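**Q** Take a look at the letters that make up each chain.
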Amino acid sequence: MIVLRKFLRAFLLLLGMASAALAGPYEEALPRFTSDSYADTDAAIGAVAASGNPLAVDVIEALRDGRLLVGSGQVFIRRASGDLINAATGQAWGNPAGELKPVRLNNRVRRAIEAALGSLTLLNPDAAKRLEAARAVFRSRDEAALPALEKAIAQESHVPVRNALETARAAILLSKQDAPPTQKLTAVQTLRDRSDQEALALLSNLPAHAPPEVVAAAGKAADGIRARLAFWQAFQNVWYGISLGSVLLLAAIGLAITFGTMSVINMAHGEMVMLGAYTTFMVQELIRSYFPGLFGASLLIALPLAFLVAGSVGVLLERTVIRFLYGRPLETLLATWGISLILQQGVRTIFGPTNREVGTPAWMSGALDVGAMSLTYNRIAIVVFAFSVFAILLLVLRYTSLGLYVRAVTQNRRMAGSMGIRTSRVDALAFGLGSGVAGIAGVALSQIDNVSPNLGQGYIIDSFMVVVFGGVGNLWGTLVGAMTLGIANKLLEPYAGAVLGKIALLIAIIVFIQRRPRGLFALKGRVVEA
Amino acid sequence: MRTQYLFDRQTVLVLSILAAAAILVPAMNGLVPPGSALHLSDHLVPLLGKYVCLALLALSVDLIWGFCGILSLGHGAFFALGGYAMGMYLMRQIGPRGAYADPILPDFMVFLNWKELPWFWHGFDWFPFAALMVLLVPGALALVFGWFAFRSRVTGVYFSIITQAMTFALMLAFFRNDMGLGGNNGLTDFKEVLGFPVQAGSTRVVLFVLSVLVLAGGYLLCRWVVGSTFGKVLVAVRDAESRTRFLGYRVEHYKLAVFTLSAMLAGVAGALYVPQVGIINPSEFAPANSIEVVIWVAVGGRGTLAGAILGALLVNAGKTWFTAALPEFWLFALGGLFVFVTLFMPRGILGAAGDLWERSSRRLRTRRSPQPFTQAAE
Amino acid sequence: MSIFDMTRRNLMALTAAALVSSATAQAAKAEETIKVGVLHSLSGTMAISETTLKDVMLMLVEEQNKKGGLLGKKLEAVVVDPASNWPLFAEKARELISQHKVSAVFGAWTSVSRKSVLPVFKELNNILFYPVQYEGEESERNVFYTGAAPNQQAIPAVDYLAKEEKVERWVLAGTDYVYPRTTNKILEAYLKSKGVKAEDIMISYTPFGHSDWQTIVADIKKFGSAGKKTAVVSTINGDANVPFYKELANQGVKATDIPVVAFSVGEEELAGIDTKPLVGHLAAWNYFQSVDTPENKAFIEKWKAYTKNPKRVSNDPMEAHVIGFNMWVKAVEKAGTTDPDKVIDAIVGIKVPNLTGGVSEMLPNHHITKPVLIGEIRADGQFDTVWQTDDLVAGDAWSKHLEGSKDLVADWQTLKCGNYNTVTKKCGS
Amino acid sequence: MTAPVTPTLLYLENVTVSFDGFRALNALSLVIDHAEMRAIIGPNGAGKTTMMDVITGKTQPNEGTALFEGTHDLTALDETAIAELGIGRKFQTPTVFEMHTVEDNLLLALKNKRGPLATLFSRQANQERERIDALLERVRLTAQRHRRAGELSHGQKQWLEIGMLLAQEPKLLLIDEPAAGMTDQETADTADLLRDIAKSKAVIVVEHDMTFVRDLGVKVTCLHEGSVLAEGSLDAVSANERVVEVYLGR
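Chains as they are written, first to last, in full-length UniProt numbering: chain A, 1 to 530; chain B, 1 to 378; chain C, 1 to 429; chain D, 1 to 250.
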């Protein structure tokens with residue numbers, strides 16, 4: 001059966017090739033897409049790209065997007081509108097005979113597509129596309145692209161694109177055997193100016209045929225780049241630390257409020273974060289089904305909802321359980337632990353035990369290059385977000401009456417009560433505020449972590465460490481605590497590894513608490529002692 | 001006067017029940033024919049043995065929490081360390097019977113290309129040394145950790161949180177394969193203990209009886225400790241720590257002493273647990289496990305010793321039943337139990353029962369030194 | 001003082017009585033059906049993966065009963081929940097065998113759970129079918145390994161990358177536990193034997209549930225920009241994968257630049273990830289849901305109908321259970337009894353069709369023959385098979401690439417030994 | 001009472017304690033003699049309790065000297081060590097071990113070896129029992145011997161705490177508001193008791209109840225804003241302009 005099918009396919013292929021024998025290289029190459037072999041597809045891409053046929057770009061782009069279909073030995077392009085056109089002729093094709101299948105891709109084919117599109121789109125009117133094309137040529141180092149590259153450089157006026165084109169040319173020249181040494185030396189120069197990891201890779205891996213003076217120049221340039229990269233590496237690690245610190249800050253800041261105000265050890269805090277993440281999931285599900293256009297704003301929509309969901313669960317908890325346990329912090333700890341188990345299992349029952357998919361809006365993907373550092377947009381967003389939450393909370397606590405009450409209750413519960421502040425109401429609101437903040441932390445964490453019932457568990461110990469380290473009852477302490485732990489963690493990681501670094505940090509915190517049992521920014525005075 | 005405490009009615013009852021278990025379980029398993037309704041099937045013996053070990057762990061937590069107000073949320077760490085010490089002995093007993101037939105190295109070291117035994121494995125082939133380590137390793141950790149913590153007066157929730165951090169750090173450390181303790185797989189595939197095959201039914205019965213006897217011994221030890229003036233100081237620390245200090249007691253020394261003793265008890269519990277369940281791995285260090293132990297104590301009745309044993313047995317039997325019958329509801333039940341007990345039964349089953357009893361017959365109010373607990377000390 | 005102690009004693013007695021009576025009640029009706037134990041976690045951390053396998057087993061048993069059962073008797077599945085707790089695995093295995101008198105057990109997922117139950121199966125002489133890819137280095141008389149050994153997954157995957165993607169530099173990234181450790185040891189030895197230099201191999205271990213991958217992904221990027229084609233071989237476990245892939249996508253590591261081939265990421269795991277940025281990353285398995293064979297089509301149809309969920313995915317360990325169950329059924333028919341000793345002897349050499357168009361055979365070392373498939377992640381969360389072995393590959397119990405085990409072979413048919421040393425010609429030394 | 005080693009029992013000079021800039025004690029100086037009873041008065045926040053905290057080692061002063069018996073530097077010692085030197089303290093709100101019986105409260109306070117091993121293996125000797133009997137008698141709690149301390153009335157708790165203080169056999173007793181919450185009769189009895197104690201031991205009493213202070217009939221120190229405002233007999237102090245202004249009111 002299978003043998004027969006293979007035979008038939010070969011026969012059809014032969015037939016196709018025979019019929020195309022009279023045509024040009026483009027028409028000759030097309031049938032190779034039908035053979036369902038990656039090697040043939042790869043070769044076909046090269047041939048189509050080199051053919052100069054006006055349909056070449058269409059074919060290759062369609063291939064990339066899975067819109068290049070084959071059936072009964074012929075190749076078709078499906079337009080975005082759904083119309084079919086015959087790739088060989090460019091004519092519309094209404095009713096295909098038999099089943100059409102997309103041409104299959106693998107990484108090898110994708111690389112070929114990228115390289116082909118690179119040299120084909122170097123002159124595209126869209127600057128972004130030209131930039132992409134230049135990068136693709138840089139990666140492929142395809143000598144055949146050199147003439148196109150020279151032409152493009154001559155025309156290019158946009159500086160970033162021109163730079164990219166020049167580096168691409170330098171990369172090709174360096175690896176090209178017959179390029180004159182002077183050109184190669186200029187190439188070394190260009191790459192040294194680019195001064196990043198990729199340039200370093202090129203300079204330190206010269207082909208064996210490189211002339212000695214080029215090798216010497218490249219060696220020197222490579223040393224320079226290494227020094228620069230090492231310098232930036234320190235900043236990069238600090239950045240990782242800040243972004244980890246922001247995650248910790250988000251997770252811990254709600255806890256700082258509940259722990260600081262009510263001395264309530266809320267072990268279910270992590271589950272509030274989880275509720276926030278699941279709210280995000282629900283919001284995205286709704287948006288996907290009803291308002292797909294709003295997807296980019298899904299996280300912004302999720303923020304207030306997550307605050308409300310987690311916050312109201314928090315108020316509910318406070319009113320039904322925690323309020324009966326004030327003054328008994330250890331009992332609160334046990335009860336909230338029980339609540340966390342119930343919430344976890346509840347979510348597991350409703351949403352299932354597996355991870356839920358939360359998408360990343362387009363504006364949060366990609367990276368920003370600063371010097372030799374690469375800052376990913378989602379991390380930037382989280383850092384900015386964490387600091388904004390911190391600032392807003394600080395303002396709320398400083399300038400609203402709720403904040404005033406909360407601070408009063410934090411400092412002296414009894415006195416605040418005797419001054420007519422309804423402490424029980426302040427407690428409920430503060431607990432709701434803390435939980436709500438945990439909920440919006442969940443929105444952010446859904447972008448970098450699993451959305452599963454276990455989400456909160458991963459953060460609870462870390463958040464307690466942050467709060468205890470920073471000192472209770474002081475938001476600044478939490479900020480400093482989170483950043484210190486985040487940065488220390490990331491500076492340790494390259495040397496000690498992820499696990500040992502974390503263990504070392506935990507031990508450091510244990511020792512630290514013993515030195516300063518009330519944390520970095522402890523409240524002093526008699527009130528605390530009572 | 002102290003002997004009067006030691007053998008009060010509660011103690012006599014606990015000891016009688018334990019003695020009955022030590023006699024009945026082997027009898028029902030070995031003497032009663034399998035067809036009979038009274039026969040105890042083979043697989044229940046190690047199960048009951050496991051409960052008994054966990055009861056000993058609960059007892060050790062009650063000693064510090066119930067009587068000294070120290071809430072350790074990392075007691076599972078001491079339990080696991082004791083278990084590892086025993087596990088290392090059992091690993092060494094495998095000898096050349098491992099898959100790679102290496103006379104010295106355990107299998108996991110062979111396939112990770114270890115060439116020689118790490119230094120800390122030496123001596124564990126000798127049982128008395130291993131037994132000593134079962135006590136010393138948890139004891140030493142408790143001593144060092146406690147010395148730092150109590151000296152600088154880390155109390156209450158702060159102490160609880162850093163004990164969590166301690167067991168979490170240990171869990172991460174033991175998960176590392178580079179530790180040389182088997183990583184995630186831990187220590188398993190034991191062959192024999194003191195020359196008796198671990199898997200044999202008779203060995204299991206003996207281990208069960210031994211566990212019961214150790215539990216009884218542990219109970220008596222705790223009773224004696226809390227009945228002594230030392231125990232009164234502990235309760236004093238629990239209820240009014242700074243008052244105790246102004247009376248001239250070195251509170252930190254008391255806490256350290258009882259914390260270390262309790263850690264050793266937990267270590268012994270772990271050591272008895274491992275040969276009966278056949279495996280020790282880092283998940284025993286999981287912070288959640290240690291928190292669960294606390295709830296056993298709370299359910300049974302904090303500060304009553306007997307309550308800790310009762311709570312451990314009840315909750316674990318419940319867990320066995322739930323995970324078989326209604327697996328999805330186990331966490332709801334456990335979580336609900338935490339909330340219910342803290343809200344409505346702060347003194348646990350024994351405490352509540354004691355209240356009932358006291359209300360119905362005030363005359364029984366004779367002096368009783370280690371009092372059940374009514375309110376949290378902070 | 002004594003009243004609550006009385007209560008306590010009563011409770012103890014009641015509990016004991018309840019346990020005893022339930023045990024005897026179950027023992028009484030043991031002979032009417034053939035019982036099959038299912039030992040998969042239905043709660044706890046492993047429930048994510050294992051619940052599915054329980055469902056597959058129930059479906060297979062139901063199906064067999066529709067065909068008239070086995071040896072004229074009905075099959076009965078006994079399901080227990082070891083709750084992702086390793087000591088509990090041993091306890092429940094003991095319960096299955098000595099209380100429920102099952103004829104064979106299908107179960108376990110993690111290595112540690114298998115290690116935990118091994119002594120029980122040896123002691124009580126029963127049969128375990130273990131369906132998950134694992135680190136190898138084991139062959140037990142009472143266990144049949146229907147998942148892949150390292151030579152049925154890891155090594156072909158590396159071969160593929162070296163050949164098709166011209167990879168010269170390797171990142172071996174894994175979670176720090178025994179499966180990644182062993183697999184990476186084997187791969188390292190294998191790569192070095194193929195002439196890869198030590199500086200072209202980077203090994204990195206992370207803890208379970210690792211969530212901050214910034215540093216490691218940056219390291220991978222750096223390692224990968226040394227001018228040689230680089231690939232990541234990932235043995236990263238479970239929950240750590242989502243943040244790992246998210247970080248890869250964010251730092252712009254594309255499959256065309258640095259492909260990642262994973263051994264623990266299947267259809268179930270992908271269901272929780274936005275797979276669009278991951279298109280082109282690879283996985284090596286012995287089965288994909290997307291495999292286009294009539295057997296697989298039929299199986300998926302039955303599976304979706306049985307679970308009443310048209311979106312339910314299938315994966316590799318499920319296929320392993322299908323093969324293992326069918327092999328056991330054939331062996332029982334051949335032996336004419338469910339007696340474990342007879343079945344263990346009868347099953348070696350049994351051949352059953354797998355779902356990818358071939359016929360798998362139980363080997364004397366208690367592993368099976370399987371095809372190796374390399375798949376690329378598609379945007380819809382499925383895999384596209386981009387390469388597969390021409391023939392089925394026989395599973396090795398002991399790796400040829402490890403110092404300690406290269407001289408060991410397992411053969412339960414003629415040598416009656418799981419660790420026979422070909423140099424000393426002795427079993428177990 | 002053996003002959004004094006130094007002229008003064010307690011010597012505070014220039015003691016300053018500040019919390020976050022707030023000066024609870026401001027260059028406070030105070031001298032107490034052997035077997036002297038001193039009453040301390042002053043408005044809320046005058047630093048009375050902080051002074052006791054400094055003497056008993058609960059709070060470390062930022063500067064200043066605190067000597068006991070001329071040789072022991074109190075600022076370098078912790079609560080336990082200071083208690084062992086012979087300084088006992090009764091808190092403002094009665095602090096007894098509520099879960100223990102009255103007898104056990106006294107037992108714990110008795111001057112004995114305080115180490116964990118000593119208490120673990122201690123056996124109650126007859127002389128201890130006699131000591132406890134005597135103390136119970138003195139604080140009038142013999143009938144309550146086996147009751148839990150938590151069940152006592154407020155006044156009884158105050159007395160129990162004083163009893164515990166006596167059991168410690170200290171050289172100096174610090175007593176914070178002993179008359180608070182007591183009936184008139186109890187207050188008078190307490191004054192009697194304190195006067196009795198002061199025959200052999202030094203006592204510092206902090207009190208607001210002027211009748212009670214008058215009852216004691218001892219030298220009075222008035223604190224204000226962390227330092228000594230006036231010192232002398234009650235009449236002299238009451239006549240002081242500043243005292244009247246800040247504390248007694250016109």
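Mixed in with the good hints there might be a few duds.
[Stated by the list, open to error] Calculated pairs, DSS-like style, for lysine-lysine (alpha carbon to alpha carbon, straight line, at most 30 Å):
#  : chain 1 : residue 1 : chain 2 : residue 2
1  : B       : K191      : C       : K122
2  : A       : K129      : C       : K194
3  : A       : K220      : C       : K400
4  : A       : K220      : C       : K122
5  : A       : K176      : C       : K197
6  : A       : K176      : C       : K166
7  : C       : K194      : A       : K101
8  : C       : K297      : A       : K129
9  : A       : K220      : C       : K222
10 : A       : K220      : C       : K406
11 : A       : K151      : C       : K254
12 : A       : K129      : C       : K197
13 : A       : K101      : C       : K400
14 : C       : K311      : C       : K334
15 : C       : K297      : A       : K101
16 : B       : K115      : C       : K400
17 : C       : K66       : A       : K176
18 : C       : K122      : A       : K129
19 : C       : K426      : B       : K115
20 : B       : K191      : C       : K425
21 : C       : K228      : B       : K191
22 : C       : K166      : C       : K425
23 : A       : K129      : C       : K406
24 : C       : K425      : A       : K129
Think of the hints as simulated: they come from the structure by calculation, not from any bench. If you're wondering where the values come from, they're calculated on a predicted model, not measured in any experiment.
**Q** Hint check: C/K166 vs C/K425, CA-CA at most 30 Å. Holds or violated?
**A** With Cα atoms ~41 Å apart, C/K166 and C/K425 exceed 30 Å; violated.
**Q** Taken at face value, is the distance from the CA of C/K222 to the CA of A/K220 at most 30 Å?
**A** Since the Cα atoms of A/K220 and C/K222 sit roughly 20 Å apart, the hinted pair holds (cutoff 30 Å).
**Q** Quick one, are C/K426 and B/K115 close enough, alpha carbons at most 30 Å?
**A** 22 Å, holds
**Q** If you draw a straight line from the CA of C/K297 to the CA of A/K101, is it 30 Å or shorter?
**A** 18 Å, holds
**Q** For the pair we were handed, A/K220 and C/K406, check the Cα-Cα distance against 30 Å.
**A** 47 Å, violated
**Q** Would the hint linking A/K176 and C/K197 be met if the CA-CA limit is 30 Å?
**A** 26 Å, holds
**Q** Against the 30 Å threshold, does the CA-CA distance of A/K220 and C/K122 hold or violate the hint?
**A** It is violated: about 65 Å lies between the C-alpha atoms, which goes past 30 Å.
**Q** For a C-alpha distance cap of 30 Å, please report whether A/K129 and C/K194 respect it.
**A** 41 Å, violated
**Q** With a cut-off of 30 Å on the C-alpha distance, tell me whether C/K297 and A/K129 pass.
**A** 42 Å, violated
**Q** Are the Cα atoms of A/K129 and C/K197 separated by 30 Å or less?
**A** With Cα atoms ~39 Å apart, A/K129 and C/K197 exceed 30 Å; violated.
**Q** Straight-line Cα separation of A/K129 and C/K406 no greater than 30 Å?
**A** Given that 30 Å is the threshold and the Cα spacing comes to 54 Å, the pair is violated.
**Q** For the pair we were handed, B/K191 and C/K425, check the Cα-Cα distance against 30 Å.
**A** 24 Å, holds
Against the hints set out earlier in the document, violations occur for numbers 2, 3, 4, 7, 8, 10, 12, 13, 14, 17, 18, 21, 22, 23, 24.
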